[in-house]
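Enquirer: So the chains spell out like this:
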Amino acid sequence: MTARPGEVVSSVSRVLVPIVLALVVGGLILLALGKDPLAYYDYVLQRGLFSWSGFQQTVIRSAPLLLIASGLIVAFRAGIWNLGVDGQFLLAAVAAAALAPLLITSLPSWLTIVICCAVSILVAMAWSLVPAFLKAQYGLNEIVTTLMMTFLGISFANVLVKLPFDDPDNSVPQTMTLPVADRLGRLFDTTIHSGIIIALLAVFAVHFVMTRTAFGLRLQIVGANPRAAKHAGMSVGRLTYATFALSAGLAGLGGAVEILGVWGTMRADWNPAYGLLVVPLVFLARFNGIAVIGFTLFFAILMIGGESASRRLGVPNFYVLVLVALLLIFLALVEYLDHISRQRKKA
Amino acid sequence: MNPAAGQAPQVSLHGITKRYPGVLANDDISLAFHGGEVHALLGENGAGKSTLIGILAGMQQPDDGHIEIAGKRVRITSPRESLRLRIGTVFQHVLLVNSLTVIENLMLGGAWWQKHDRKSALGRFHEISELLGVEIDPDVPIGRLSLGQQQQVEIIRALWHGGNVLVLDEPTSMLTPQGVEELGAVMRRLSGQGVAIIFVTHKLREAYAFGDRISVLRQGQLAGDIPPERLQALGEEEATNEIIRLMFRAAGEVAGADAETMVREGHGRRARADFDRSGKDAITLNHVVTRAEPGECALADISFSVKPGEVFGIAGVDGNGQKHLAEVLAGQRPALSGAIEVNGTVAAHSGVPARRRLGVRYITDERLGEGTVAGHSVATNLVLKEIGAPPFWRDGVTLWRRIFSHARQVIETHDIRTPSEHTLLGRLSGGNIQKVLLAREISADSSVVIFNKPTYGLDLQNTRLARERIIKAAEQGIATIVISTELDELIELCDRIGVMFGGEMAGIVDNQANAEAQIGRLMTGAKAA
Amino acid sequence: QAGDMVKKIAVLVPEQGTDYGWNQQGVDAARAVAEKYGLEFLPAEGLGYGDVRPTLRELADEGASLMIAHASGYNTAAPEIAQETGVPVAIVDKPDGLVAGLVGDYTLSGHDGAYLAGMLAAKMSRTGTVGIVVSGEPPSWNSQSAGFAMGVRATGMGTQIVYAVIGPAAYGDAAGGRRVTESVISAGADVIFGQGNGSSFGMIQAVETTKAVDGGKAWFIDVIGDKTGLDKGHLLSSVLWDMIPVYSAMVEDLNSGKFGTVGYKIGLADDSVRLLKTKHIPDDIWESLMKVRQQIIDGSVPVAEVYDAEDVRALMTSVEAPAAE
Amino acid sequence: MGGLFTETFVASLLFGAVTVGIPLLLAGLGEQISEKSGVLNIGIEGMMLIGAYGGFVAAYYTGSFWLGFLAGGISGMVVASLMVLFCVILSMNQIVIGIALTIGAEGLTALLHHFQFSRSYPRLSEAPSLDIPGLNDIPVIGPAFFERHPLVYLSILLVVFVAWLFRRTHIGLNLQAAGDNPAALDAAGVDVKLTRAGAVLTTGMLAGIGGAFMANVGAGIFVPFMIHGAGFIGIVLAMLARGNPYWVLLGAALFGASLALTTALQVAGLNIPTDVVQMLPFAMVIVVLVLFARHSYLPPSLALPYHRGER
Ligand SMILES: Nc1ncnc2c1ncn2[C@@H]1O[C@H](COP(=O)(O)OP(=O)(O)OP(=O)(O)O)[C@@H](O)[C@H]1O
Ligand SMILES: Nc1ncnc2c1ncn2[C@@H]1O[C@H](COP(=O)(O)OP(=O)(O)OP(=O)(O)O)[C@@H](O)[C@H]1O
Ligand SMILES: [Mg+2]
Ligand SMILES: [Mg+2]
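Protein chains in written order, with my numbering: chain C, 1 to 347; chain L, 348 to 876; chain G, 877 to 1201; chain B, 1202 to 1512.
Careful, some of the hints might be misleading.
Claimed, not checked - Capping the alpha-carbon separation at 25 angstroms, the derived lysine to any residue pairs in SDA-like fashion look like this:
| hint | chain 1 | residue 1 | chain 2 | residue 2 |
| --- | --- | --- | --- | --- |
| 1 | C | Lys230 | L | Gly490 |
| 2 | G | Lys999 | G | Gln1170 |
| 3 | C | Lys230 | L | Asn445 |
| 4 | B | Lys1394 | C | Ile340 |
| 5 | L | Lys732 | L | Asp742 |
| 6 | B | Lys1394 | L | Gly490 |
| 7 | G | Lys1108 | B | Lys1394 |
| 8 | G | Lys1108 | B | Gly1264 |
| 9 | G | Lys1153 | G | Asp1184 |
| 10 | L | Lys732 | C | Gly139 |
| 11 | G | Lys884 | C | Arg312 |
Simulated from the structure, these hints should not be mistaken for lab results.
Model, not experiment: these values are computed from the prediction.
The whole structure should be built from the sequences, with the hints applied where relevant.
Expert: This is the structure:
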């Protein structure tokens, strides 16, 4: 698997060119606001990448994003538009947050974490059951149903936190808190929790399964042409359920990892909407697990570094959103041009 | 017959060249199409016929060369431009909108700011369908019509727009023999009115019967043509030989005499395989019934059996339940009631994988719709039905190297024309896709193979190859079922022929001298004597 | 000996400090305190309601001596980071979260001020109905809603109280604020006690454009900040919060080593909670209110602190229950 | 408690429901046009937001609601033209671009608002209404439906117009074909990209007007992020409506009514979190889908770019 130098150059420029373009356009906006773009970008890099403590935050932020991304890779490769990851993520988070503080009183922390992760995964899977059923049974388009389930899930998560799982001792509507010491173990003496290991393993596993196994190929065939899959004797219905379950389960694991690694508790009305950011990243990475890691890391740097830079320069944090949008557009543009030229060349 | 002779051609192509990644689809083609002439265009699969037609229709732009219409140089930059030049086209793959009705499809293309005028459209529709002698309900959504009917709508549409030039890319592939005759009459009538007609077909008989002039494409180049005078001078036999010579001349692929046998078309019967008529049945159906779905013809009550080594044909007009029968046999569709036995094993309720384990193979008639995955490689498509099984998978892990080397081998032995095994299957020409299907399904461990329209859209050589595969399969002792709407094909290949009508087996005929007449009668719904 | 241990103070707020409300008051007060004690000031605005640990850690790295986490949503994260980095933090709405030298709490509630506002509303109401519109139900707003309702009842005028929450996560839902407020006005209220950030501008909009059921003007009573500069003649009053005394006390306690042993409150006594006097309030009513203010301060009129949403709702009319004792 | 439900109060609930429903209706209709033509417009939330901002700015500085809606429509079209450029002309991924446009619009309007209005919070006066004589005297429903800004009537008439467009005109046929089988439309001599571009621009215009309605009529003020998912609900409405504009109207009415119901239950003192009521419309639709699931008809070429002659 040695890449030719030309390919390396092209794939590096495929990422670098849009970044430079986005930074230039974003810089013009900053100039218009009377701020120094170079100082801004310098702060972003200083904090997000080059300072050890900041880089740790970047890595921590990557963990849930990567897990969601791995779930989306499964779904998208199987041709299923699971746009409901945010609801699945949140409900799984509620499950972990509600359960962990209870279990920890009688179980060791590793067991608590394992059980919570498992339950979170199951909860997320269960939440994807309705769209899976409607798709497998009636061919109902999952974009609608998963979007609906995500709206429903966000509200439902709030209801759960506010009513049955509310911590009466805290005036803020949130669940009980898992003590810091019992959360996912930290790596060495950093603040990075081991969720990043889980996330990386998940991405590699998904990448392997989708590209190197019979199961992955079946999912892709179902995604590409369900009638051909049926013709070839695959059980389209069962594979559809499996796709939803895997995809939602991984997103749910993301929710569990974020709660068990970072928060220790779930607050009502908390919705980071990571799914909305990860969906385009997964596309831009062409559903490739390895590329997803790069993109995710880059956007995590931007999130962490951007917050710092905004604060230091007195630019409202909203600017990061503009930058993210520019990046997505330019990445998509360059990826598209690249796609065209490769199609021209490819025999 | 040829009033336009001497006049400037209606359409002339000058040095048309079109390249696709890895393929030179059209290579410096210069051709002239005259008004009042039916110009038959022949060529093997992938020869570049559809590409040329796409260029005339404005769907493709040539990389080189130019087009003249009535002596004036034009650039056909879009289908709109083509229609404006009064060129009507029937595309090889139906281009209609399923969710719109027939009449709505025909009205497409009007000025967008206008209300559509259904009334005058209906008038036009009746006029043209009368001319064609077809009967179609204008208010049925296209999606509910059979492919044959859809093709008729396409022809209506081409006439709707095409005043000067009518281009027909394999219009007969979905028609019944009678439909073909009717289309021929229409072409003749139109050419009599001065229309230039370009008629693409794989059937030499059609080309000879309807064509005033014949051109042959070969690997993107114009291999030669037979002008009207010569065509009239030659008899059918000689003309056929001439065409075959043009099609296969170069590279010495086929020596003269072999060509004859290679592309020998219809009318013959294969030598009777001497399979064991008293032996056990390989597959038996007993009173099989399927669930009727809207718009489909279900099986009402089907019983028959096929012995190992026997070729059993299914004849009938398209849409009389053939699809359900094929799917029920393959395990792709459950039988509502009735019994199915494969090699003595009860198999009525087993799905595709279980049937495959029993040796049942099914070559679908929907090559792109369900037979293959267009967006995946040729290599993947060749193992589509074996995903997870050794030798290409070990413990569920894909051994891509083996899959690719297997593919290279199959491409070699089956002469599949593709730039490489990594090429996306959708990029292949129809005939080559069919070769992929055949290569995939016929192997040593199969015991029952169902062919659904195995040669639909194939060129002479590929048709011959496919039929040889069928015969070879039977000779290997495989029970072979051939579903076809082409009676010639069935007569040539089969030992017995069952005729389907309205989801029932109207009768089963031994393939003997008078079989054709009997089958013809059964196909119209008359009961077996 | 601790002398001037505090060198830099940081304040973290979820939205931009330009909302004439919670965020702006927090940032402005911290800035004022930094100036007052000659400290370096590190504001972090618009952080949202997500994870603030990265920002807290960065501020700690930058040498903040005190980090004021000015949102109840931050009150789990901030103490954790304080433990991790050793940098003291101040949190909101968690009075039992004190850790000596490390975590101080300031549970802010203008419930006593809201009590006065409730009396003002009841006295100003022509229709006999007043309304409370909130964008959400956080503890501090619950206690103010309750205080307001108790104030209304204390006038003994039989005034009805209509209560409505805009919807989930609707702090910035201006359209929702307007719609719900219009409905509450149509339900008879002519004085609206509105609590919300971005959504309160929708409420003001509704008050400005909707006539009360008697055809007269509707009034708005705001919270936390002073929007007089934006008023078009409908701003009756506001329950103003001043956090400068609280933040000052924190700095001094840190310097004297007392930080984390006492909670901080705002209240009527030191004017850190006060009722905004506008020209629309008649003098006699204002004087009667000021008398009650004195009584609350000296304890003769107790104002219960009610933080739970259910208990708050129980205080509203709409149910036939008699006024609470 | 019954005493609270006076005629005025119920009328005001209905009034609020219509106010909420109109932007959803416009967004849903717009999305329906886009989807029919084969473009999945996920950026509609961003188009509404920019429309809200542009519409508010125009209405605030000119004092005219009409100019506000015009500006909102144009602003929405500006965002839509990006979608046309990237997704229709350049065939880039519709979901990536849609999400990017939404995120970008959120950031941009919040920034602009911060520098322009975050110290002054300007507000508009009440939208002028056109009273329909006779009908506006009907108790309860009169004020909600017949004493509104003319745009409200126009929006509802638009449903009828779009339905007519779909059924009776070449535009309708072209849209349907572009989403079902663009190659067939192309072969019939109609420019697919132009058809889709027109559809997307129309979507942008309707979404922008809907956003402007939310800012100018609904809130009377612009605040950051004020669309709050209305665009996404528009997407859901369009998909559930299966190409029928009247279903969009019904769906928008359902969502509007459910928000009014939230307020009603609260004012009635019902003791449940608002989130529960918020869940109702979604839960209802899901239940309906599970019970009466039919094959959903979405245009087969939805979200697929079209290239002439590509295999
Ligand atoms: N859009 C395309 N992209 C890539 N290759 C193409 C495309 N269209 C045609 N080709 C290639 O060009 C060659 C000519 O194809 P064409 O469809 O014109 O053949 P044909 O003569 O019509 O064959 P058939 O009889 O099978 O229909 C084939 O090799 C085909 O694979
Ligand atoms: N009664 C009918 N009305 C309308 N359409 C029909 C009817 N019967 C069949 N069709 C259409 O005809 C086509 C072929 O039908 P079906 O598959 O049942 O027949 P078949 O004999 O197997 O034909 P083929 O071999 O082409 O698949 C389908 O597209 C189907 O929708
Ligand atoms: Mg062809
Ligand atoms: Mg069939």
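Enquirer: Against this structure, judge whether each hint is valid.
Expert: Consistency of the hints with the structure:
{"no.": "1", "hint": "C:Lys230 x L:Gly490", "result": "holds, 21 angstroms"}
{"no.": "2", "hint": "G:Lys999 x G:Gln1170", "result": "holds, 18 angstroms"}
{"no.": "3", "hint": "C:Lys230 x L:Asn445", "result": "holds, 22 angstroms"}
{"no.": "4", "hint": "B:Lys1394 x C:Ile340", "result": "holds, 18 angstroms"}
{"no.": "5", "hint": "L:Lys732 x L:Asp742", "result": "holds, 17 angstroms"}
{"no.": "6", "hint": "B:Lys1394 x L:Gly490", "result": "holds, 24 angstroms"}
{"no.": "7", "hint": "G:Lys1108 x B:Lys1394", "result": "violated, 50 angstroms"}
{"no.": "8", "hint": "G:Lys1108 x B:Gly1264", "result": "holds, 16 angstroms"}
{"no.": "9", "hint": "G:Lys1153 x G:Asp1184", "result": "violated, 29 angstroms"}
{"no.": "10", "hint": "L:Lys732 x C:Gly139", "result": "holds, 23 angstroms"}
{"no.": "11", "hint": "G:Lys884 x C:Arg312", "result": "holds, 15 angstroms"}
Checked against the numbered hints above, the structure breaks hints 7 and 9 and satisfies the rest.
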